[in-house]
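Q: Here are the chains, one letter per residue:
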Amino acid sequence: MVERAYARRTMSTTISLRVNGQDERHDVEPNQTLLAFLRDTLDLTGAKEGCNEGECGACMVLVDGRAVNSCLMLAVEADGREIITIEGIGDAEHLHPLQAAFLKHTAVQCGFCTPGMIMTAIGLLAENPDPDEAAVREAMAGSLCRCTGYRQILDAIHEAAGVMRVVPAVEFGMRGPAGPSGVAPGLMAPGSAEAAAGVKVLGLPEMAP
Amino acid sequence: MSENRWVGQAVDRVDGVEKVTGSARYTADLKFPRLLHAHVIRSPHPHARVLAVRMERAARMPGVRAVASGRDFPFHTGIYLKDQTVFATDRVRYVGDPVAAIAAESEEAALAAAALVEIDYDPLPPVYDVLAGIAPDAPLIHPDLGSYECVPWITPKPGTNICNHLKVRKGDYAAALATCRRVFDNTFEVPQVQHVPIEPHVSVACFDLAGKVIVHTSAQSPFTVRHLLCACFSLSHGDVQVTVPAVGGGFGGKAGINLEPIAVALAMKARGRWVRVMVDRAEEFYATVVRQALTARLVSGVDDDGRVRAQKMHYLWGCGGYGGYGVNVVRAAGYTCGGAYEFPNVEGDSIGVYTNRPVGSAYRGFGMQEIHWALEQQMDIVARGIGMHPVDFRLLNCLGPGKTTVTGQVLDAHVGRVDLCIKRVDEALDLRGGAASHLRSDEVLDRRANGRQAFHGKGMACAVKAPAMPNDAASSVVMKFAEDATLEILVSGIDYGQGLKTVAAQFAAEALDLPMESVRVRGNPDTNLSPYDWQTVASRQTWATGNAILKGAEELKRQLFVVAAQVLDVSVSELECHDGAVVHPPSGRSIPLMRLVMGYQFPDGHAIGGPVAATSSFMPEGLLFLDPETSQSAKPVAKWTFGAQAVEVTVDAETGQYTVDRVAACYDVGRVINPGLIRGQTYGGIVQGLGTGMMEELRIDRATGRIANASLMDYKIPSSEDVPVEMLVSYVETPQTDGPMGARGIGEHTMIPTPAAIANAIFDACGVRIHEMPITAEKVLAALRAKEARG
Ligand code: FES
Ligand code: FES
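From first to last, the protein sequence lines are chains R and D. If you're matching positions, the first sequence starts at 2 in our numbering and goes up one per residue. If you're matching positions, the second sequence starts at 2 in our numbering and goes up one per residue.
One should not assume that every hint holds.
To be verified - Stretch by stretch, here's where chain R covers chain D in the computed footprint (C-beta under 8 Å, at least three residues):
(1) 10-20
(2) 26-38
(3) 496-510
(4) 576-590
(5) 675-682
(6) 686-700
(7) 717-731
Treat the hints as calculated values from the structure; they're not laboratory data. None of the values given here were measured: they were computed from a predicted structure. The C-beta atom is built at its ideal place from N, Cα and C for all residues, glycine as well.
One chain only, chain R, in its complex shape:
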């Protein structure tokens, strides 16, 4: 069992993919999830691990424009694909309409579910720009929040949907509707300064005071 554990670690594969508009090429282990790859290798820690079994939605990212539980996808399966994480959709000066609406509606409490909620909602609005209450409830049902009671989240999504229908996404400094690259509406242009700004690698905590 031990030997096998170590053997697995040595059989790495190289993948090439685009993450938040940046080309990435990395060695990954065959059993590494996309979530672990994003968090551990790229230090994109916005996607969270809440269960690692597809039941909470905290790990949601966009894969070729569709919302996916990144804990259920292997990193090797992301080879050749376009990944957008919460870090790739907006920053303080250029909030995505969903981010702005979450703030306006106090749809954030502890914030642990928030990145996953927003990415799930982006996936929903890409497929259905004008969802009714039942459609929003259904689409969000796989993204659990223990803090908010969901009401303000649902309200924020309705409001953002309205904004995104009437105001061209470019007015937010964002990219327009899904183009050939498959990026969902409301996203920043891949490779833009804003997208890059979201991808920060913070310093390590100090070892000792």
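With chain R held as given, fit chain D with the ligands onto it using these hints.
A: This is chain D with the ligands only, laid out in the frame that chain R set:
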């Protein structure tokens, strides 16, 4: 009350942008050089003697850097009753009890080594239920109970499984009951449930070569973590540093200490390395902490006039394997045993009983939802039994100014008005009228009820809670200006969603009349740098930290005004803070704060004053211990928050399935500080209350003692599809005398009455009463069938 610039206004969360952009860093997001991964080896037995733990083979495995067990660390932990050790030494008391742990270079290596640990157990008979636990011949779960350290206000009973017992005696219950025309006697049950924070517990520790312990942890109380770690490992507070990054929900489950001692133990054996202990979702369910189970028996004696004359409350708490924190839930439930009602003659007993189940601890509401489940159904049963409307019955019997609590405290005019809350929710849902017509066409309902025969019903429940904390629990803050007059406030309360940082900024901006943008609240405390705070529990932060900030703001003003008065050559008493400046209204002259906060320099070069900064603290005053025999006390707690909820349900007659369509909630919060945040607390509490009321239960497999539903697939919590169609929330403002601008706590209260209100509404809809939480469709259907069979 007059309009304020910031307090009471819809101010955005000050930590909102970092959370919506994914920038907020939680403990598991921190990166550490050469991090070691831990695996905890947990008991597979609910109750057993530990005969031997052999880790030599595991220790020799490649990649393993440390192994630890009870032999190395036989130290006791526990916030009130030190009944737990870091690792089991001679006995395990629930499936999941930590016995040993391994730190290795990778998760795989730790897991592989764990398979080589050999532990010899001698299984003992398990005790799963409180009634079995208090039986005279019950196996003792803690034979050494008498030797544990304990605070004086907790009373374990050595030689039994009772870890605490609080008695309330008021008037003469037996004599009063004998004179009552009607007597109602009912029993209610609440199972163990889990907090289910979306962020599981995680702690990282290092014991460096200089002898310092550093801990980063997802916790509600860095100072209490430090204090308890120091007691456990005999360390000086000067050598232990605890920091708390962003926390992804706690709900009481991250109060006190949890994984921190395991991380520190491993770090001590892997000197100089960072060790991370992170539980997976399954371990989160059974191996961290849970809410205690309750078996409640209530006897009410009532007169023809509708007044309850005699009330007995017998609460038996299933505390699980250890009662370290839960003993105080037992105590709080004791001194609050009468809920929101005035009972003249009371016999109350709140008894904590060890069981071989997961460990009970604090959970949002701290025992109050559980006792309200019993009490608020009992009040409904009594009201209907004597032919009174439950709303009128509650208004007749409820507490209020001039009324006396079960512990003999006479409430004053500033205490909060449950009667007004009852009236507000009655109005909101029209509790005497029919179903709201617009609901019938709602899509969510249509989909669920499928057009079959449906019953509609409405019910309500009240809520009350006081902060359960030591009488000297304190908060403190540091307030200092940066060179550009940005005000920085250091708080050690944890903002894990409730909005502490935002309300702290609102209080400071209000008191100093600053723009919100110039206030920064530094949360994420570090015990090396931040001011002391006891714990973020008990709905106490807005109140305690808020008070400290208002006091600190006065000190900042004093310092600013002393300098400004010299500069302007006026009297200090004529100065005011206004929009980022100190102004002298009589002359219209002013000095921007930027020229004062580092000291003022005159044109000739000489300077006066210096950096402006303040520390301030708040501790409630005048609290008195309870009488040990009767629990009578003139002021046992700092404050009470009252409220009420009403719900409207639709029950499918054929399946027992039901929906909670509308909820109305009203609380007397003293003062609304931020409407968006308080609505968030209220919606969140209601939906968490729906979870425990409708679906949540930690189920045990009696053959093995294992938790049968330790995953989010099997243990359902509410999702967006469970949200009521309408949640109507409102607030009464009766200012709290010692509250910051009148505010009192609200965080926990919002989930207290929900399950009982649902139970009462279901009875109203179809005449069946569910005594065991949660109210599942199966239980409703079985009760409907039984009712039909009875005719
Ligand atoms: S972590 Fe992926 S769904 Fe929970
Ligand atoms: S905001 Fe805490 S889990 Fe959603």
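Q: Against each hint, give a clear statement of whether it holds in the structure.
A: Hint check:
Proximity of the region 10-20 of chain D to chain R, defined as three or more residues with a beta carbon under 8 Å from a beta carbon of that chain, is established by the 7 residues found. Counting residues of the region 26-38 of chain D whose CB lies closer than 8 Å to any CB of chain R gives 8, so the stated coverage by that chain holds, three being the minimum. Look at the region 496-510 of chain D against chain R: 4 of its residues bring a Cβ nearer than 8 Å to a Cβ of that chain, three or more, so the hint holds. Only residues whose C-beta sits within less than 8 Å of a C-beta in chain R count toward coverage, and the region 576-590 of chain D has 0 of them, not enough to reach three; the restraint is violated.
With a threshold of 8 Å between beta carbons, the proposed coverage of the region 675-682 of chain D by chain R holds, since 4 of its residues qualify and at least three are required. Coverage of the region 686-700 of chain D by chain R holds. Counting CB-CB distances below 8 Å, 4 residues qualify, and the rule asks for three or more. Only residues whose beta carbon comes within less than 8 Å of a beta carbon in chain R count, and the region 717-731 of chain D has 7; three or more means the coverage holds.
Taken one by one, the earlier hints fail for this structure only at number 4.
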